[in-house]
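Those protein sequence lines, which keep their order, are chains A, B, C and D.
Under the numbering used here, the letters of the first sequence match residues 23 to 347, in that order.
Under the numbering used here, the letters of the second sequence match residues 23 to 347, in that order.
Under the numbering used here, the letters of the third sequence match residues 23 to 347, in that order.
Under the numbering used here, the letters of the fourth sequence match residues 23 to 347, in that order.
Among the hints, a few may not be true.
When chains are identical, the list treats them as one kind, so a pair holds in a single copy or across two.
To be verified - Below, computed lysine to aspartate or glutamate pairings styled on DMTMM-like, alpha-carbon distance capped at 20 Å:
1. K54 / E165
2. K128 / D236
3. K133 / D279
4. K128 / D237
5. K32 / E151
6. K32 / E341
7. K161 / D132
8. K67 / E224
9. K133 / D162
10. K54 / E341
11. K32 / E56
12. K161 / D249
13. K121 / D244
14. K121 / E73
15. K121 / D237
16. K121 / E224
17. K78 / E24
18. K54 / E270
19. K178 / D249
Rather than coming from a laboratory, the hints here were simulated on the basis of the structure.
There are 4 protein chains.
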Amino acid sequence: MELGMIGLGKMGANMAQRLVRGGHDVVGFDPKPEARALVEGFGGKSATSLEELVDKLPTPRALWMMVPAGDITAGTVEALTELLSPGDTIIDGGNSNYKHTLDRAKAVADKGLHYVDCGTSGGVWGLAEGYSMMVGGEKDAVERLRPVFETLAPGKDQGWGHVGPVGSGHFTKMVHNGIEYGLMAAYAEGLNILAKAGIGAEQHDTDAETAPLDDARYYRYDLDLADITEVWRRGSVVTSWLLDLTAEALAADPHLDAYTGNVSDSGEGRWTVHAAIDEGVPAPVLSAALYQRFSSRGRSDMADKVLSAMRAGFGGHVERTESSR
Amino acid sequence: MELGMIGLGKMGANMAQRLVRGGHDVVGFDPKPEARALVEGFGGKSATSLEELVDKLPTPRALWMMVPAGDITAGTVEALTELLSPGDTIIDGGNSNYKHTLDRAKAVADKGLHYVDCGTSGGVWGLAEGYSMMVGGEKDAVERLRPVFETLAPGKDQGWGHVGPVGSGHFTKMVHNGIEYGLMAAYAEGLNILAKAGIGAEQHDTDAETAPLDDARYYRYDLDLADITEVWRRGSVVTSWLLDLTAEALAADPHLDAYTGNVSDSGEGRWTVHAAIDEGVPAPVLSAALYQRFSSRGRSDMADKVLSAMRAGFGGHVERTESSR
Amino acid sequence: MELGMIGLGKMGANMAQRLVRGGHDVVGFDPKPEARALVEGFGGKSATSLEELVDKLPTPRALWMMVPAGDITAGTVEALTELLSPGDTIIDGGNSNYKHTLDRAKAVADKGLHYVDCGTSGGVWGLAEGYSMMVGGEKDAVERLRPVFETLAPGKDQGWGHVGPVGSGHFTKMVHNGIEYGLMAAYAEGLNILAKAGIGAEQHDTDAETAPLDDARYYRYDLDLADITEVWRRGSVVTSWLLDLTAEALAADPHLDAYTGNVSDSGEGRWTVHAAIDEGVPAPVLSAALYQRFSSRGRSDMADKVLSAMRAGFGGHVERTESSR
Amino acid sequence: MELGMIGLGKMGANMAQRLVRGGHDVVGFDPKPEARALVEGFGGKSATSLEELVDKLPTPRALWMMVPAGDITAGTVEALTELLSPGDTIIDGGNSNYKHTLDRAKAVADKGLHYVDCGTSGGVWGLAEGYSMMVGGEKDAVERLRPVFETLAPGKDQGWGHVGPVGSGHFTKMVHNGIEYGLMAAYAEGLNILAKAGIGAEQHDTDAETAPLDDARYYRYDLDLADITEVWRRGSVVTSWLLDLTAEALAADPHLDAYTGNVSDSGEGRWTVHAAIDEGVPAPVLSAALYQRFSSRGRSDMADKVLSAMRAGFGGHVERTESSR
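Take these sequences, add in the hints, and give me the full structure.
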């Protein structure tokens, strides 16, 4: 079918390409000429403005947004609302907050437009392997887009699903990413424990400020994380795609020296915990995973200083300047 | 090669069978006659006592223990130490605490025996798919057993590895299981958030004891967990074997009515957190996963009562008897 | 000075009484006749409607709301906005979400009204001991109310402060309560560990589903929580008012049999964690304290079932029905 | 009564002084001449060796150790075991692991010696205010020392207690310190949230790597932590001695610039979590408090790098080098 793709970055361009390969007619829009050229290069069409894009598509139109969440998505929806005709459908394939999705769907419905939210997972691997898609919206609007989902997905009926009314796609994707944070942190913590299993072989000062290591003899291992993660990839209970990626990264760079450990977070992890709290549902693992990222960026600084100040206050403890076990 | 298998339960019998299929001569020992009969049924031999088992194996012998950790493993090692000859090898394929493994290896070394620890993952699926094995021990002792590992593993050189000196196999398996706890909890928490996404559609009392739900309109989804986990299985970032199992369980029993949610823990999760603390390594996710299991078994009871008593003390708050959001 | 008190429940009536004792003229409004009679009994006046209340106060008026957060506060502010005159001041002394406070202050400013938010701590003890108050608002509006704060507070210049612009009083009180949750949970967890220190003396089954207790000989204490908390009240680092309350509760009911452990939460703990996440600040302790309350009310149920289902899936594990260590 | 004090550091010297003031005869031992001179200066006696100390005390002797936990305590107990006579009592007033205490009590009992463990809280304030003491040991041995405890405590019958058999004093003190970690972290996290409440007024980049702040208008406060903690000290639910110390530290150094935030931990926090896990009791708050300290010392480094490596693997995400929200 014919589809407009708005936003031809890393994700949008790959999705356009997978659709073109699958026989669809894609018109791509992006303000960057080189992005448009890319799409034309693999057989799509392009437009230099939203107006042109809308003009080039037959009604009822289908316009897929693949742009950053927040202001840019908001602005695009507003612009489209002015340009589109009743019966047209806007699809938000990005990582929007589902609450915004709900509000936007309500706003465009007044103009007779349909709104479909598609939580999209798969990252840079989606072009080759297909995207996992969680779709929210009215039944008819989603059904009309079925050919698109069947092409983008890993298999015709696999890896995508219509999970509920509008907003539920982004809600489900949000929780998906929250889970992803938790999975990642579980591997990260475990590997850190393996990485430091040799602490008993190191020399440590004995003083009243440092916990003595009772069982130094039990912590004298020098483990190879790349080997271990490779072993785990087959037959173990912890096999996963994230483990595959980790094993590959460790094989290429055994101590991950290329990284500083300043870990970003991009919204869904936060929103998942917000949702857990609103629902009154405990989410200690997902929260801990999120907080670890905050801490990696130094956001615990004042809390740490307060702790040191208290210790000085009640015990006269002086901070050790070097890093200690 | 020839191998004695001690303990023919769920795990031991399957491993014996996979070895026999792979051309090895296995003599199995278990106090239960039906377990021995099973092994003879698929082409192995059996012994009715440890003494007979030792007699039936050529030197240098290889004896693989697949028995519960703790007292039973300890007793078996003690008995074998009396029966075996210098140069023989004891393999502990069970879930022993690696600290015990280190202590036992030291003890049997005085008798000229070798000790190899093999952390074994794969559960009931190992017979067909192969077991993931993390092996610790001296190089020569491990190399002599290579044919056994190559048969038990998912592939000749895949899914198993010699990770370090004795104890390192169980240490690595311990952390593997700690990670497993974290992964499981990440999925569990996320699915719970999905399961309760309809809370805004429910009726709630307004009183000073209950947090009002600000945004009830955003929590009106009735999501199908079986559908969603099925979607995630292909192309998403959270694909894993644990997700496959979860999707299958939900497909068969959408609300998991067959379960009470009384979740056991069997040692490694605890030991992983003990190790993290000894190493001075933060493990908030793995700890939270462990504590969730404790809580599921009612082990937070006195803490909860203390909280209610405090609330009554400072605010005159009375406990609500019904479960609330 | 003259003050209208709206809401004569547990908190409002006590505050009115402390003000009357301090020489202020208080007119109280509450729909319940017995609440109004109470206020008249200790020397205040009363009004049977908001209209009457507003009529009885000289301009510029000061109206202190002490009503449940959420819809009731919202409705009261709306009604007052219609009734009041430019220059009058509305004080919200309740536990409103500071975001709502900011929005309300903006709305009433258009009518020339002042809005002051006062986060109030002290519970049922405030009448005798004074209330701790965190006040937000414009300087002039707060200064005009100084006589009221000085009377309500534990000391003239102690226990209250003008912490910033409107909303900052409720923001600070919110974080205060978040900290309170964390403090309470710290005591609760510690006392639970003391309460179960005799587990090594109990008989436990040995099976593959249960972690063996390595060091049973170290867990044979039968500790008296009432005695211990009483000891801690003087000279220790953990002395606090919350500890005092806990010791008193345990002295009266050593095993807290009067409580079921179904712990409510009333908003501020949730909002504190929401704020931490919005700010990108790690709050693992405050979150854990909040989640413990959710879990105490059974809100982890589906997560627990998912864990059991996974364990059945990969290991054939069957749930133990009885509660276990 | 007569008492030998072994170890005349910050704690031991102060305790000796409080005892001398209370009319007891104290003989102090410490290898440092200046420490012995100090004790003689306030009216105690001193000894230059353990031998001399033992000689100077009448039988049955009472020897109070106030030395670092671990090797030094172990060595002192061993030396005393050789020097003392049946009926003498060794008191460990330090922060020993209660498991070691149990083992040591057993060892010295064979020589007819008594062993009493005293968990001591109060820090540098104990000299003036008295020490909170949790005492474990046989009834008779503890009773004989009653005059000592009554002098050291804040009040004759207040702030100390005989909590159970040997080891229970250190066990209780261990949990006391675990709670202390939790309380400290609760304040620290809350104050960090207050400290960063102005994030909405800062300028932030908009990119796909950074979570957009939805509600920037709600985070524009510039709060004074010293003022706020001072307000909380009177009448609020969070009053405590730790809050007093915090308020004083913030009054002296409003941004705690004197501290780097490299927070030590000295054993009891770790042991408390070990105990919780052994008992199967959830301790999420106490664990989070402990982990925060580990993280403050950079011990999460490899975990953070693993997270960044995974993000690069699935999404092509590049680490941001500057610290971000």
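Hints, one by one, checked against the model:
1. K54 / E165: For K54 and E165, neither the intra-copy (32 Å) nor the inter-copy (57 Å) Cα distance is at most 20 Å.
2. K128 / D236: For K128 and D236, only the inter-copy Cα distance (19 Å) is at most 20 Å; the intra-copy one is 62 Å.
3. K133 / D279: So K133 and D279 fail the 20 Å test inside a copy (54 Å) and across (44 Å) alike.
4. K128 / D237: Result: close only across copies, 16 Å inter versus 62 Å intra.
5. K32 / E151: For K32 and E151, the Cα distance is within 20 Å only inside one copy (15 Å; across copies 37 Å).
6. K32 / E341: Between copies, since 17 Å is at most 20 Å while 46 Å is not.
7. K161 / D132: For K161 and D132, the Cα distance is within 20 Å only inside one copy (18 Å; across copies 45 Å).
8. K67 / E224: neither (63 Å within a copy, 41 Å between copies)
9. K133 / D162: within (17 Å within a copy, 48 Å between copies)
10. K54 / E341: neither (53 Å within a copy, 24 Å between copies)
11. K32 / E56: This pair counts as within: shortest intra-copy Cα distance 13 Å, inter-copy 60 Å.
12. K161 / D249: Close across copies (16 Å), not inside one copy (48 Å); limit 20 Å.
13. K121 / D244: Between copies only: 16 Å across, 48 Å inside.
14. K121 / E73: neither (27 Å within a copy, 39 Å between copies)
15. K121 / D237: between (51 Å within a copy, 9 Å between copies)
16. K121 / E224: between (51 Å within a copy, 19 Å between copies)
17. K78 / E24: This pair counts as within: shortest intra-copy Cα distance 10 Å, inter-copy 70 Å.
18. K54 / E270: This pair counts as neither: shortest intra-copy Cα distance 33 Å, inter-copy 45 Å.
19. K178 / D249: Close across copies (15 Å), not inside one copy (37 Å); limit 20 Å.
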